[in-house]
Amino acid sequence: MALPSPRDVQQPVLARFLDNERALAAVLLSPSVLILAVFIAYPFVMGVWLSLSSTSVGNVGQFVGLKNFAKAWDDSIFQTAFRNTFFYTFWATLFKLALGMWLALLLNRHFRGKRFVRAAMLLPFIIPTVLSTFAWRWMFDPTFSVLNWLLYKMGLIVTKLPFLSDGTWALWCAIVVNTWRGMPFFAITLLAGLQTINPDLQEAASLDGANAWQRFWHVTWPLLKPVTIVVVVFSIIQTFSDFQLIYVLTGGGPANSTHLVATYAYQIGVGAGLLGEGAAISLFMFPVLFAVVWIQLRYLRRLEGA
Amino acid sequence: MVIERRWKKWVYFYIPLTLFIIGTLFPFYWMLITAVRPDHELYRSWRAVTNTPFWTLQPTLAHVQDLLARTTFPRWLWNTFFIAIVSTGISLFCGLLAGYALARLRFPMAGMLGTSIFVTYLVPPTLLFIPLADIIRNFHLGNTPWALILTYPTFLIPFCTWLLMGYFKTIPKELEECARIDGASRFGAMVRIIFPTAVPGILSAGIFAFTLSWNEFIYALIFLSSPERKTVPVGVVSELIRGDIYFWGQLMAGALLGSVPVAFIYSFFVEHYVAGLTGSVKG
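Chains A and B are the protein sequences, given in the same order.
Residues 1 to 306 (our numbering) are what the first sequence spells out, left to right.
Residues 1001 to 1283 (our numbering) are what the second sequence spells out, left to right.
So here's chain A without its partners, still in its complex pose (with noise of 0.2 Å):
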């Protein structure tokens, strides 16, 4: 049966617009662009916008300069919110790869029950982090908390732990929910990667003697790099900008000692309505963020030109 040759059709207007490349790439790309320019481009203008004024709830304010940067740095809980948000990050990222590795490891390894334990072990990542803090706070509890009910039956203290009431510790425990939330994804992340490596590697250089460590310094690590890097830069953004855990947690006391740069810019901005001084403290964020998304592309181009 001859089939007439698709040419001969005739095409209506619209079927022969989309044919071209480059009409058919804008109609497909406009939807998420314009979506991403109205709800993050412009927000994000009109955030520098407001942080260079003096605008509060209800009243449109005037260009102040850098004043609300000024008076952010001036001000001492916006300092221990500036450390804290550091000190977090770098803690917790330092927990969840060193756990999230030796996790991965384990499950690398063949065992009964493999995809139960690993499904299992992402529950902390899929439930909702406001609830499962919640959880972890009612642990903390300065009258009823099961830990330090746990630590006192085991005869290693005499009087209650101050988890939350004390704000060193308070932002210790912070920095453990948060290991104890973002080390799956390290893990199952990290296990990907592993699954990719040809176990021969491992058998060659146990037969050349390797022990165990040098088998992972010498031939696992180097091959995970990568993976690890990106997985690690994600982290660092999330956990540098983050704000639910801090605010089911604690919020931010006691006596604003455990505030993140997000909580305290939440404080200002929403809780005392001063949208410029608390569009400026977020923007205290930005460098970092930008910072460590720069090197991330970077290190990106670098792989894709290898």
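Among the clues, some could well be false.
Derived Cβ-Cβ restraints for the label pairs, each shown as a range [said to hold, decoys possible]:
{"no.": "1", "chain 1": "A", "residue 1": "V64", "chain 2": "B", "residue 2": "P1059", "range": "24 to 34 Å"}
{"no.": "2", "chain 1": "A", "residue 1": "Y299", "chain 2": "B", "residue 2": "P1227", "range": "41 to 51 Å"}
{"no.": "3", "chain 1": "B", "residue 1": "G1188", "chain 2": "A", "residue 2": "W294", "range": "38 to 48 Å"}
{"no.": "4", "chain 1": "A", "residue 1": "R83", "chain 2": "B", "residue 2": "K1009", "range": "57 to 67 Å"}
{"no.": "5", "chain 1": "B", "residue 1": "S1267", "chain 2": "A", "residue 2": "A41", "range": "35 to 45 Å"}
{"no.": "6", "chain 1": "B", "residue 1": "R1006", "chain 2": "A", "residue 2": "A98", "range": "18 to 28 Å"}
{"no.": "7", "chain 1": "B", "residue 1": "R1106", "chain 2": "A", "residue 2": "A70", "range": "46 to 56 Å"}
{"no.": "8", "chain 1": "A", "residue 1": "F87", "chain 2": "B", "residue 2": "Y1043", "range": "31 to 41 Å"}
{"no.": "9", "chain 1": "B", "residue 1": "R1106", "chain 2": "A", "residue 2": "P287", "range": "34 to 44 Å"}
Honestly, the hints are just simulated from the structure, not real lab data.
We put the CB at the ideal spot given by N, CA and C, even for glycine.
Keeping the supplied structure of chain A fixed, place chain B upon it in accordance with the hints.
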């Protein structure tokens, strides 16, 4: 195979793995136990002699009943579900089209657009929530589900685009070229040949995006104000703590019931979820 002795396997494998499992799952167990424990057992001194904190002999559903009677919890569940489904749908649609364009079509500024979508992927919501709240107010979207349905795609679209772009690149170009030779238009080949082949990738992106929307907190906290419009995370935070009093039984019942739907969906699509998770960080 690397051969090990039995005791070594215990020290280096079983014991650490067991500790990981206990550490990971204990908070959820604690949520469950607290949710079914009667109040007089909950609020008892931590040093009481008869304390049996790890189980209860008198399980009760009183907290769940209180939760349902005093709050609009089912409403919150529905709101969360509705918002997550619609914003995931929008993001999948946009991400599918944009991902295809970036993976397959040649056009000016393709590289720059790809990079900028990747950069927006890394913009955290906490950087923009204050100006965004102002914009939502100006659009008269405050306290409506649309405030969230339109803003969640800001972090979901970049993710879906990124993931699906990676997926499209794994589909051989020849598949499309064959369809074109057989007379399909560029658009027709995309919709009828490539999209059906990409269903596993679409499912992964969708499941992952759904859990991200279910999890979202700060936008929901700021954009919604009336109790019956809230999502589960915000409702639990703002309606179950009155003044300084924490109703722990109800809180844990709410946390448990709010986690079950997302855990349930996850349990059916673990493999897709894992594919989405690992795909989300591929360079």
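These are the hints, each one checked on the structure:
1. A/V64 / B/P1059: 24 to 34 Å: 59 Å, violated
2. A/Y299 / B/P1227: 41 to 51 Å: 46 Å, holds
3. B/G1188 / A/W294: 38 to 48 Å: 41 Å, holds
4. A/R83 / B/K1009: 57 to 67 Å: 44 Å, violated
5. B/S1267 / A/A41: 35 to 45 Å: This hint holds: roughly 38 Å between Cβ atoms.
6. B/R1006 / A/A98: 18 to 28 Å: 27 Å, holds
7. B/R1106 / A/A70: 46 to 56 Å: 49 Å, holds
8. A/F87 / B/Y1043: 31 to 41 Å: 34 Å, holds
9. B/R1106 / A/P287: 34 to 44 Å: 35 Å, holds
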